[in-house]
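**Q** Spelled out, the chains give:
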Amino acid sequence: MAAPESETVKPKPEATKSTAADGGNANKADATKYVGTPAVGTSKAAAAGGLGTVGPEPSAANERRRRLVWCSVTAFLGAWVIAFLRFFLSRTLFEPPTIFKIGYPSDYALGVDSKFQQRYRIWVDRTPDRIFVIYARCTHLGCTPDWKASENKFKCPCHGSGYDSEGINFEGPAPRPMDRANVQLAPDGQIIVDTSRLFSWPKGQPSRFNDPGSYLPV
Amino acid sequence: MASCFQSALHNLRETKVWKSVFRRGPANTNRTRSLAIFGNLFLHWMPVKVREKSLRVRASYYLGSISFILFIVLFVTGILLMFYYHPAAPNAYRDMKDLQFVVANGVFLRNLHRLAAHLMVFAVFWHMFHVFYRGGYKPPHEFNWVVGVVLLLLTLFLSYTGYLLPWDQLAFWAVTVGTNIISAMPFIGHKVRFLLLGGNIVGENALLRFYVLHVVILPLAAFVLIGIHFWRVQKDGGLTVKPKDEDGKE
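Going down the list, the sequences are from chains U and H.
Counting from 1, one number per residue, gives the positions in the first sequence under my numbering.
Counting from 1, one number per residue, gives the positions in the second sequence under my numbering.
Take these hints with a grain of salt, some might be off.
To be verified - In silico SDA-like links for lysine to any residue, alpha-carbon gap of 25 Å or less:
hint	chain 1	residue 1	chain 2	residue 2
1	U	Lys148	H	Val177
2	H	Lys191	U	Lys148
3	H	Lys191	U	Lys153
4	H	Lys97	H	Lys191
5	U	Lys153	H	Val177
6	U	Lys101	U	Asp211
7	H	Lys53	H	Lys191
In case anyone wonders, no lab produced these hints; they're calculated from the structure.
The structure displayed is predicted, hence computed values, not measured ones.
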């Protein structure tokens, strides 16, 4: 980048040939052949003034400007790329509804009812004092367990987690009981289930299975 | 017969078309042989000469080449399978069944793709272990070792994304389990799962995303990295040969 380099620039062979009589001045004599100043950055300009004259003067101010421009360009493109990642998170989802009605409390007898497993991925569970809805997702890695009526337990086919009839884990790798969905009574007397609002009982933490909305008292 | 063939080849090499394509005559000296490699787009990242001992079976068991050939097999059969496969919810499973029972040679292609995929995972792992035990990760091969590890991960991602495409029970639950493992990542796990599935459940969006990753993004990345990987083998001075082999003894 240093200016003195221009002194050591070797003239082009043909330039030397045509102006050999000028001796050491071959470089400059060649350049004066053109009318006006050679365009900045071209090989002609380099031949006229040496390589050091090509491009901006290497001063501290120029270095700062260059860094500023590069930082701005990088920051702009970086911010744009990060903003563009929003593209991959869809605004609309075409997924099954999470709020639905499952009939009247009187429809359910004591025990586990699996009639909505296929459609809504839930089991309706009635005990002597309450009705609650278990969200049919294994707390290990998210498979749907099977209700084994003869063994009175839920069994996950993926890695063998077992849950009792109230969804409490007792065998296999499951870390906690299965979550329960929010239940309410609609004005028409039917049960409304909302599987986007789940009540869980994480290991070593207080149970939320007695929270309001996690069950219907009968 | 042989001389007849040779003279035909010689005449072919003298034609204008041959010369315009290959730009040089027969490769019969070391220099012209090197130039033939340099001047060919498909060969120029291969070494122009290799040590004889690095060509021995025991030097590499050809595991890298086997992995690459399996990749090419997967590339070709995969493109053919794409002619009949729709990455959409009711179609995907039926198309897979059609390939098995209706499409001419479909079951052959599907099984070839499947088996080659299993074998490639096996070959890539074996390749990695072999390189590791040979000390192939040591300088000057560090960078190529890292490229190789990324290629191993790409192989596994390709397997995993391809796993969902048959859209059967195994595919669905395997991806359910796998993406739930991802969501165990601290802080960003659920976001990454959502990003990968394009939703909260393994549905049509997930199938489409896995399809795009499987047929475009990951193969493209693998191709680029394989190119770098091969090129660096040559730039780093060829295969790591066991010291025992250096003496010419086994």
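**Q** Tell me, which hint numbers fail for this structure?
**A** 2, 3, 4 and 7
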